[in-house]
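Asks: The primary structure of each chain is shown beneath.
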Amino acid sequence: MNLNFFGAALFVLATLVSSPLWAEEASAVDRTATGGAQTLEDIMARQQQLKVDESFRSENLGNPANAAPISGQLGTNGGRSDADIWRGVRYNEADIRSQARTPAATVLIQDGGMPWYKLREGPLITYGGLALLGMIALLTVFYFIRGRIKIDGGPAGTTIERFKAIERFGHWLLAGSFVALGLTGLITLMGRSFLIPMMGPDAFATMAAGSKWLHNNVAWAFMLGLVMTFVMWVAHNIPNKLDWQWLKAGGGIFSDAHPSAKKFNAGQKIVFWMVMILGFSVSLSGLSLLFPFQMPMFADTFGFINGILGTSLPTDLAPHEEMQYANIWHSIVAFVMMVAILAHIYIGSVGMEGAFDAMGNGQVDLEWARQHHDLWVAEVKAKQGEGGSS
Amino acid sequence: MKVMIAGFVAALVIAYAAPIVLDQFGWSSSAQYSSETSVRLDQSSR
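Chains A and B, in that order, give the protein sequences. First residue of the first sequence? That's 3 in our numbering, and the numbers climb one at a time after it. First residue of the second sequence? That's 486 in our numbering, and the numbers climb one at a time after it.
Since the hints were made in silico from the structure, they are not lab data. In this text, a Cβ means the ideal position worked out from N, Cα and C, and glycines have one as well. One thing to keep in mind: the hints can contain errors.
[To be verified] A few chain A residues facing chain B, derived, Cβ under 7 Å: (1) R82; (2) S83; (3) A85; (4) W88; (5) L110; (6) G114; (7) F171; (8) S179; (9) V181; (10) W222; (11) A223.
[Claimed, not checked] Per label pair, the in silico range of CB-to-CB distance: (12) A/A211 / B/K487: 48 to 54 Å; (13) B/V506 / A/A133: 34 to 40 Å; (14) A/E355 / B/V506: 18 to 24 Å; (15) B/V506 / A/M46: 36 to 42 Å; (16) B/V506 / A/V181: 40 to 46 Å; (17) A/V181 / B/K487: 46 to 52 Å.
[Said to hold, decoys possible] Chain A stretches covered by chain B per the calculated footprint, using a threshold of three residues with CB under 8 Å from any CB of chain B: (18) 206-220; (19) 362-372.
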């Protein structure tokens with residue numbers, strides 16, 4: 003079984019690596035007839051979306067040594083033609099000066115717009131959308147196979163307080179703002195492709211403007227909810243040996259077993275740390291997008307990575323590039339979070355009897371609590387006993 | 486359920502208040518204009 007799986011994985015990997023779609027490049031072009039400038043073959047290759055080595059242009063920026071004498075009739079342009087200078091502007095190699103003292107004033111052409119746009123409109127929407135739909139399909143299939151996880155023997159009829167009001171408030175502040183951010187983010191990302199054909203550009207423009215306003219501003223509620231839940235629950239989410247036992251038993255999801263757990267089981271701890279780490283990351287990239295000139299982060303991040311891994315990621319980034327990287331990263335992290343949170347919403351609502359009460363009114367059935375968080379129930383009972391005897 | 490609704494309402498209140506509060510610090514994330522320290526790329530400079 004494992005050998006078959008390994009063989010299949012190897013086959014898929016080999017297919018991807020050797021596929022011409024992944025590595026299709028334009029053939030070498032003889033540019034002697036144009037003196038090194040681009041040829042019709044270059045233009046045709048770009049039109050066919052083949053990968054073209056742009057170094058013949060990006061490195062062809064003129065040579066000051068060839069400059070005409072300054073005493074010449076037309077003066078000198080530093081050995082550079084207009085075309086040389088504009089190539090330098092395009093590839094961010096020109097020495098641009100401006101009286102405008104604004105952060106992006108000297109960036110006249112930014113060459114990364116189209117690759118960013120293609121990545122955003124292509125793979126990002128395709129794979130992100132498929133991941134969301136895939137998770138919804140998976141949960142639907144799981145529901146029909148496993149059904150709703152019931153309380154063995156039925157509810158006890160008595161309840162125990164699972165979460166205090168402040169804990170539930172923090173959770174719903176985080177959850178409500180996350181859902182709003184997810185929906186408005188998807189409208190912003192996918193609206194051009196899916197909503198404009200349905201509702202037309204005028205109606206979509208109004209919706210997009212509203213989405214942008216809500217997305218930019220409700221982000222602060224998300225960050226506050228993130229901080230609140232971190233402070234309240236981090237102590238209960240430190241991994242321990244018990245989590246390994248819980249994971250080995252599959253959390254009882256695929257069986258009728260009820261592995262022991264304290265206030266949070268290993269599955270909940272995974273959700274907690276995923277939300278905290280990815281939530282922190284998506285907040286940072288979101289802040290960078292809100293304040294691109296005050297909080298550029300990718301140049302420093304790339305510099306940090308280069309220092310550790312010895313890579314050569316770009317560290318001299320124009321504000322536009324910062325935003326392009328931040329936007330792509332922001333979207334990828336958000337998709338991962340949305341996919342995981344779909345599963346969290348499922349198990350906290352339709353997937354398990356009695357689970358929603360924990361965040362609904364804070365009171366859970368005692369039998370539910372004993373089956374899913376037996377050690378936590380014992381701790382609470384022991385504290386109540388101490389309180390009663392003191 | 487009351488706490489859940491309170492959380493949602495709080496998120497909207499924060500969203501409404503955020504640009505007003507930020508503007509006090511000169512951080513005009515949602516402002517529709519450019520300033521000396523904050524430039525919108527989709528508008529020409531003054």
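Asks: Please list, smallest to largest, the hint numbers that this structure does not respect.
Replies: 1, 2, 3, 4, 5, 6, 9, 12, 14, 15, 16, 17
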